Amino acid sequence: DGGITQSPKYLFRKEGQNVTLSCEQNLNHDAMYWYRQDPGQGLRLIYYSQIVNDFQKGDIAEGYSVSREKKESFPLTVTSAQKNPTAFYLCASHRTGGKNGYTFGSGTRLTVV
Amino acid sequence: KQEVTQIPAALSVPEGENLVLNCSFTDSAIYNLQWFRQDPGKGLTSLLLIQSSQREQTSGRLNASLDKSSGRSTLYIAASQPGDSATYLCAVRNDNNDMRFGAGTRLTVKP
Numbered sequence: 066d067g068g069i070t071q072s073p074k075y076l077f078r079k080e081g082q083n084v085t086l087s088c089e090q091n092l093n094h095d096a097m098y099w100y101r102q103d104p105g106q107g108l109r110l111i112y113y114s115q116i117v118n119d120f121q122k123g124d125i126a127e128g129y130s131v132s133r134e135k136k137e138s139f140p141l142t143v144t145s146a147q148k149n150p151t152a153f154y155l156c157a158s159h160r161t162g163g164k165n166g167y168t169f170g171s172g173t174r175l176t177v178v
Numbered sequence: 537k538q539e540v541t542q543i544p545a546a547l548s549v550p551e552g553e554n555l556v557l558n559c560s561f562t563d564s565a566i567y568n569l570q571w572f573r574q575d576p577g578k579g580l581t582s583l584l585l586i587q588s589s590q591r592e593q594t595s596g597r598l599n600a601s602l603d604k605s606s607g608r609s610t611l612y613i614a615a616s617q618p619g620d621s622a623t624y625l626c627a628v629r630n631d632n633n634d635m636r637f638g639a640g641t642r643l644t645v646k647p
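Respectively, the protein sequence lines represent chains A and B.
For the first sequence, this note's numbering assigns the number 66 to the initial residue and increments by one for each residue that follows.
For the second sequence, this note's numbering assigns the number 537 to the initial residue and increments by one for each residue that follows.
Where hints are given, some of them may not hold.
[What the hints assert, rightly or not] Facing chain B, according to a computed beta carbon distance under 10 Å, are these residues of chain A, among others:
(1) 77
(2) 82
(3) 98
(4) 135
(5) 155
(6) 170
(7) 174
(8) 177
[What the hints assert, rightly or not] Below, simulated DSSO-like cross-link-like pairs (lysine-lysine); rule was C-alpha separation at most 27 Å, straight line:
(9) 148/A / 578/B
(10) 148/A / 537/B
(11) 604/B / 79/A
(12) 135/A / 164/A
(13) 74/A / 136/A
(14) 537/B / 122/A
(15) 122/A / 74/A
(16) 646/B / 537/B
(17) 646/B / 164/A
(18) 79/A / 578/B
Keep in mind that the hints were calculated from the coordinates and are not lab data.
Note that the structure is a prediction, hence the values are computed from the model and not measured.
Here a beta-carbon is modelled for each residue, glycine too, at the ideal position from N, C-alpha and C.
Taking the hints into account, I'd like the entire structure generated from these sequences.
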């Protein structure tokens, strides 16, 4: 079955450390997104990519970086510059060229220790 | 900038009740509106997708309506069950790159 796979499910980061969250999809979707979810708040967009080798900043890109070397993969790196990284991170994708809905992965919970 | 509001933030009902969740948005120039379900610690599961040209969509016990002119959508759940307990999120898409989410309504259905 097609879907989006996020790994790991839980991730712990030490102060000053960079960590990378994985997002892989086999839906043949062109567009991919990273969102951050904090308790009691809606999802906030970090980065998005509509095609390979191209990506754009969302509302809260500071302290994060991404790459899109393959259509299927859109990894997110949380850098040491992100001062409050503890959150639930969600990856999503959709097919462009039409009014299609979004498909989400199961999420990664990142905790600073 | 599109703002999406969901009311109430939390709702508790006895099993078997019919209920309505509300979503409002400030910019009526939308592509579509999507309702999601989120269980604790999980990702989002799509429930219904309503295009801007549609008035409603139905799936089983769920019915979502859209009134673009007034900037409102409702999610109607018939004959609620304990398994419906979850957080329900409304998301509005304005263009190909911009999707805005409400903070969600946390639903508890008591046996």
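Hints, one by one, checked against the model:
1. 77: Cβ of residue 77/A sits 16 Å from chain B, so the hint is violated.
2. 82: Violated: closest Cβ of chain B sits about 23 Å from residue 82/A, beyond 10 Å.
3. 98: holds, 8 Å
4. 135: Check failed: Cβ of residue 135/A comes no nearer than 20 Å to chain B, outside 10 Å.
5. 155: Holds - the Cβ of residue 155/A comes within 10 Å of chain B, reaching about 6 Å at its closest.
6. 170: Result: holds, 5 Å to nearest chain B Cβ.
7. 174: holds, 7 Å
8. 177: violated, 18 Å
9. 148/A / 578/B: holds, 24 Å
10. 148/A / 537/B: holds, 26 Å
11. 604/B / 79/A: violated, 46 Å
12. 135/A / 164/A: holds, 23 Å
13. 74/A / 136/A: Within the cut-off at roughly 22 Å; holds.
14. 537/B / 122/A: Holds, at about 16 Å.
15. 122/A / 74/A: Given pair residue 122/A, residue 74/A holds - Cα atoms ~24 Å apart, limit 27 Å.
16. 646/B / 537/B: violated, 38 Å
17. 646/B / 164/A: Status violated; Cα separation ~37 Å.
18. 79/A / 578/B: With a Cα-Cα distance of about 24 Å, the restraint between residue 79/A and residue 578/B holds, given a limit of 27 Å.
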